[in-house]
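**Student:** Per the UniProt record's numbering, the sequence shown starts with residue 1, numbered consecutively.
Mixed in with the good hints there might be a few duds.
Simulated restraints, written as ranges between beta carbons of each label pair [unchecked claim]:
id: 1; residue 1: G64; residue 2: Y129; range: 39 to 47 Å
id: 2; residue 1: F92; residue 2: E121; range: 17 to 25 Å
id: 3; residue 1: G110; residue 2: H140; range: 42 to 50 Å
id: 4; residue 1: Q127; residue 2: I66; range: 24 to 32 Å
id: 5; residue 1: M75; residue 2: D143; range: 40 to 48 Å
Just so you know, these hints were derived from the structure itself, not from any lab.
Positions of the beta carbon are idealized from the N, C-alpha and C atoms, including for glycine.
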Amino acid sequence: MQLAKYSIFLFVLCGTLIPVEIVARSLEKKQPRGSVARTVEGEAPAGDAAAAGAKPEHIKRDGGGIPEMPMDLHMMHAPCDMDTRGTQSYIFAFPNHCIWAFNNRYMSEGHFRIYKTYQLEGFFFGQYYERLKRYEFEPHSYDYNM
Numbered sequence: 001m002q003l004a005k006y007s008i009f010l011f012v013l014c015g016t017l018i019p020v021e022i023v024a025r026s027l028e029k030k031q032p033r034g035s036v037a038r039t040v041e042g043e044a045p046a047g048d049a050a051a052a053g054a055k056p057e058h059i060k061r062d063g064g065g066i067p068e069m070p071m072d073l074h075m076m077h078a079p080c081d082m083d084t085r086g087t088q089s090y091i092f093a094f095p096n097h098c099i100w101a102f103n104n105r106y107m108s109e110g111h112f113r114i115y116k117t118y119q120l121e122g123f124f125f126g127q128y129y130e131r132l133k134r135y136e137f138e139p140h141s142y143d144y145n146m
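Go ahead and model the full structure; you've got the sequences and the hints to work with.
**Tutor:** So, in structure tokens, the structure goes:
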């Protein structure tokens, strides 16, 4: 008896909700006033703020400056291989500018940008990259008779 009641309830519920959903999908959505959203061709945009064919205003992001590094030009551009995992365990063996960038990486966005630049340079030009490239390009063979 319970099964019959629930099946009838489900049938009535689905019979009323599905047509409501179909009607809701067929209605046009109205744009809020002052919206710059695209409209159908031949139709003026909603609101007086957006003129027909006008481009939206681009708000330029204020680029945060990179902080002054306490090193000379040659030291700032010296290699820094911070591209492998576990850097915190062997950072003491790196040059001073690498240690400075690693220790100050969370001071500001500019300091983090310096740290990530050193990490990126280490990835593209570092010793680990050179070893991988050498392994890929130099002929090598595998010994399967072990």
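**Student:** Look at each hint and say if it fits the structure.
**Tutor:** Consistency of the hints with the structure:
no.	hint	in the structure
1	G64 with Y129: 39 to 47 Å	29 Å, violated
2	F92 with E121: 17 to 25 Å	20 Å, holds
3	G110 with H140: 42 to 50 Å	43 Å, holds
4	Q127 with I66: 24 to 32 Å	26 Å, holds
5	M75 with D143: 40 to 48 Å	45 Å, holds
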